[in-house]
Amino acid sequence: MTKYSKNSAAAAGLANCLGCGLVSPVEKKQCPRCHAPLNLRKPYSLQLSLALLITAFIIYIPANLVPIMITEKLAKVEYVTILGGIIELWQDGSEPIAVVVFVASVLVPIIKFIILFLLYFSVRFAPGMSITKRMMLFKLTHLIGRWSMVDIFVMAVLVALIQMNHFLSVLPGGGAIAFAAVIILTIFAANSFDPRILWDNLPQSDVDENK
Amino acid sequence: MSGLQHIACDLCDLLIAAPTIEVGQCALCPRCKHKISRLRPNAFVSLFAYAVTGLVLLVLANSFGLMQFKLAGNVAQITLWQSASELYFDAYKILSVLVFLFTIFFPALVLLMIIMFLITIKTGIGKFYMTSLLRLIFTLIPWSMAEVFIVGIIVSLVKLVTIAQMHLGWSFWAYTAFAFCYLKVLSLVDRYQFWHWIEGWQHD
Ligand SMILES: [Zn+2]
Ligand SMILES: [Zn+2]
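Line by line, the protein sequences give chains A and B. If you read the first sequence in our numbering, its first letter stands for residue 680, the second for the next number, and so on. If you read the second sequence in our numbering, its first letter stands for residue 8, the second for the next number, and so on.
Treat the hints as calculated values from the structure; they're not laboratory data. Each residue gets a CB set at the ideal place from its N, CA and C atoms; glycine is no exception. Accuracy of the hints is not assured; some may be wrong.
Far from chain B by the CB rule (all over 10 Å, computed), these chain A residues [unchecked claim]:
hint: 1; residue: GLU706
hint: 2; residue: LYS708
hint: 3; residue: GLY763
hint: 4; residue: ILE789
The list that follows gives simulated cross-link-like pairs (lysine-lysine, DSSO-like), each with its CA atoms no further than 30 Å apart [claimed, not checked]:
hint: 5; chain 1: B; residue 1: LYS40; chain 2: A; residue 2: LYS721
hint: 6; chain 1: B; residue 1: LYS100; chain 2: A; residue 2: LYS812
hint: 7; chain 1: B; residue 1: LYS42; chain 2: A; residue 2: LYS685
hint: 8; chain 1: B; residue 1: LYS191; chain 2: A; residue 2: LYS818
hint: 9; chain 1: A; residue 1: LYS818; chain 2: A; residue 2: LYS708
Required output: the full structure, derived from the provided sequences and hints.
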C-alpha cells in the first residue's frame, strides 16, 4: 500500500489537477474546472516511464554506431557518427564547439539515463540519497533533455546547404533517425515520471530533514 | 489566487493554503522549493506584446536567407523553411517533419494560441475551446526548441567555416529575436494566473 507523504493532498484524499491546478476530492474522477481526469498520482507513471527509457536505451546503441551523416568531399566518402563528428570538429580547431556538441549529444543522454534509472530504483529500494538531491536531479532531466536535438538540427542545415554542390555532398544517415527517437523517447520518459511518488513511503524524518 | 482555498505542489503534492501573492512576487513550495506561481507585473499586456512581436519576427525570418555558403565560386543559400524541407526525401521524411515541427510550427502555434487565449479573455469570443486551447499550449511547450535550433545553426556554421566562406543572413537575426520573444512569453506563462483570468471573466 502506498503511504502518501504527510500533509500531502493525496493523504487527504484530494487530487491536484495537473491541467489547471484545482484541488478536488479524487472521487470526482474528473476535474470540475477543466474536465481533465483526476488521479492522486499519474497512473502507472513508474512502469510507463521505465518502459520508454529502456526502449530509448536499446535504440541508443545503433544511434551511436550507425552514421548520422554521409559526407563526400572531392570524391572521398566519409561516414560520420555522432562521436566521429565531434572528433572532426576538435581536429579542425573548433574545440569550444566540439565541447558544446559533446555535452549536448553524448553527455546529456547518458546523464539522463543515469538519473532516471537512479530515480526509478530509489522508488522501489532504499534511496541512499536525500529527497532534496533526488528532486534536483529530476528537475535537471527536464532542463537538459531537449538540448540533444542540436545534432539533428545541424544535420538538417548541412544537408540543405550542401545539396547540389559539385565539391561536397552531405546525406543523412540512419543513425540520425535512431538518435532523434532516443531524444524523443527520453523526453516522454521524463514527462511521464511523476515526481510525487518520490515523496510517498518516505520516512517522516527524511521529509523533515529537507526543511 | 483568489477563489481557491487550497493548492497542492505539482512536484511533491504538499497541500497548502492558497497564498495571496502580490504582483512581482513568487509562491514557492515550502517543502521542495518548487516555484508554484509567479505574478508578473503587466503580465497580460507583456504576454500579448511579446507573442505578437514573436510571430511577426518569425514571418520575417521566413522572408530572408538564413545562411550563405561560398565555395570556389559556387554560392548556395538556404532559407529557414529549406533548413527543414530539404531533408524531405527518401527515408528521412520523418526527420524533416520533426525539424519543422520543433523549430517553426510548435513555437509558432504556442504563440498563436496564447494570443487566441488572451483575446478570448478580453472579449469572451471562443469560450468553448478555451480549455482545449490551454491543454494544447501546455502539451506543446516541451516540444518547442527554438533556442536549441539557434545553437544548431551556429554549430553547422562552424563545421563549414574551415572549407568555405560562410555568411549568416537576416533570417538568422530575425529568428534569434523571435526565440528571445518566445522565451519571454514562456517566462510569463503561469497556469494559476491563466485560470484566475478565466474565472474572473466567468464571474462578470
Ligand atoms: Zn483541472
Ligand atoms: Zn513541493
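Notebook entry, point to check: If you check each hint against the structure, which ones fail?
Noted result: 6
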